[in-house]
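Line by line, the protein sequences give chains A and B. The letter at position 29 of the first sequence is residue 29 when you use our numbering, and the numbering goes up by one with no holes. The letter at position 109 of the second sequence is residue 109 when you use our numbering, and the numbering goes up by one with no holes.
Just so you know, the hints here were simulated from the structure itself, not pulled from any lab data. For clarity, every value in this text was computed on a predicted model and none was experimentally measured. No residue lacks a Cβ here, since even glycine has one placed at the ideal position from N, Cα and C. Among the hints, erroneous ones may be present.
[Claimed, not checked] Per label pair, the in silico range of CB-to-CB distance: (1) A:Lys104 / B:Leu58: 37 to 43 Å; (2) A:Arg90 / B:Arg108: 43 to 49 Å; (3) A:Asn3 / B:Thr127: 24 to 30 Å; (4) B:Ala90 / A:Thr62: 42 to 48 Å; (5) A:Asn3 / B:Leu58: 26 to 32 Å; (6) B:Val66 / A:Arg90: 42 to 48 Å; (7) A:Arg91 / B:Ala54: 37 to 43 Å; (8) B:Glu109 / A:Ser58: 40 to 46 Å.
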Amino acid sequence: MLNHYLGLGAILFTVGVTGVLVRRNVIVIFMSIELMLNAVNLTILAFSRHLAGLGQVSEAMTGHGLVILVMTVAAAEAAVGLAIVIAIYRRRETVNIEEINLLKW
Amino acid sequence: MEKYLFYIFGSLAVLTALLVITRKNPVSSALFLVVCLFCLAALYVLLGAHFVAAAQVLVYAGAIMVLFLFVIMLLDLRHNDIDVPGRNVALKAAGVFLAGGVLFLVGREAAMFELSSAGEIPEGFGTVEAVARLLFTDYLLPFELASVLLLAAIVVAVVIAKREL
Chain A
1 MLNHYLGLGA ILFTVGVTGV LVRRNVIVIF MSIELMLNAV NLTILAFSRH LAGLGQVSEA
61 MTGHGLVILV MTVAAAEAAV GLAIVIAIYR RRETVNIEEI NLLKW
Chain B
1 MEKYLFYIFG SLAVLTALLV ITRKNPVSSA LFLVVCLFCL AALYVLLGAH FVAAAQVLVY
61 AGAIMVLFLF VIMLLDLRHN DIDVPGRNVA LKAAGVFLAG GVLFLVGREA AMFELSSAGE
121 IPEGFGTVEA VARLLFTDYL LPFELASVLL LAAIVVAVVI AKREL
C-alpha cells in the first residue's frame with residue numbers, strides 16, 4: 001500500500017512541475033507550486049503511516065508535525081507571492097510571466 | 001474497502017490536478033485545485049492523519065484557495081489570452097516528456113521496495129492530542145518560529161500590496 005501512495009505523490013508532483021514549466025499565467029504557476037507542496041505532504045504522511053504500522057508511533061508523529069509546518073510555510077508563501085503579483089500587476093498590467101522579465105540578462 | 005477508496009480519491013485527485021494545469025480560465029483552475037485538495041484530505045484520512053486532514057480543509061482549501069480567488073477577482077483576469085492553446089507546442093511537448101521521464105525514474109526505484117503491508121494503526125495515532133504533544137514539547141521552537149514567520153508574512157504582504165507606502 002505504501003508504494004501506491006508514493007506513486008500517487010510522484011504523479012501529483014510531476015503534474016505540478018509540468019504546470020510550472022508549461023503555463024505562463026503567474027497565478028496558475030502559483031497553483032502548481034501548491035500542488036507540488038501537497039504531493040510532498042502526501043508522501044510524508046504515507047511514510048509516517050508506514051512507520052506507525054511498524055510500531056514506532058512517536059517517531060511516526062514527527063511526520064504529522066512536519067506536515068503542519070509545511071502547510072504553515074505554504075500559507076505564508078502564498079500570501080507574500082500573491083502580494084508581489086498584485087504589486088507587479090499594478091505597475092505592468094500583465095500576469096504573463098514572459099513579460100515580467102526585468103531581471104533577465 | 002480502503003483500496004477502493006484509495007483508487008477513487010487518487011484517480012479523482014490526479015484528474016483534477018491535470019485539469020488545473022490545462023484550463024485557460026484561472027478561476028476554473030482554482031476551483032479544480034479546491035476539489036483536488038478535498039480529495040487529498042480524504043486520502044489523508046485513509047492514512048490515519050485525521051487532524052492533518054481537517055487542517056488541510058481549513059487552511060489549504062478554506063484559506064489559501066480563497067486568497068487565490070480573491071486575487072484573481074481583484075486583478076480581474078478575465079482576458080484569458082495568455083495561454084492560448086496551440087502556441088509553444090514544443091515547450092508543452094518538452095514538459096510532458098520531462099514529466100514522463102521523472103515518473104519513469106521514480107517508479108523504477110519505487111518498484112524495488114518490497115515492503116510488507118502496513119500493520120494496524122495504533123491507538124491515538126493522528127489525533128489532535130498526539131500532534132499537539134509533539135508540537136508543544138519536542139518541537140516547540142519550530143512551532144514558535146512558525147508563528148514569527150506568519151507574522152513576518154502578514155507584514156510583508158500588507159507592505160508590498162499597499163498603493164502608497
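Hints, one by one, checked against the model:
1. A:Lys104 / B:Leu58: 37 to 43 Å: Given about 39 Å between the Cβ atoms, the range holds.
2. A:Arg90 / B:Arg108: 43 to 49 Å: For Arg90 of chain A and Arg108 of chain B the Cβ distance comes to about 47 Å; the hint holds.
3. A:Asn3 / B:Thr127: 24 to 30 Å: Holds, at about 26 Å.
4. B:Ala90 / A:Thr62: 42 to 48 Å: holds, 44 Å
5. A:Asn3 / B:Leu58: 26 to 32 Å: Holds - the Cβ-Cβ distance for Asn3 of chain A and Leu58 of chain B, about 30 Å, lies within 26 to 32 Å.
6. B:Val66 / A:Arg90: 42 to 48 Å: Hint violated: Cβ distance 21 Å, outside 42 to 48 Å.
7. A:Arg91 / B:Ala54: 37 to 43 Å: holds, 40 Å
8. B:Glu109 / A:Ser58: 40 to 46 Å: violated, 28 Å
Of the hints listed earlier, those the structure fails to meet are numbers 6, 8, in rising order.
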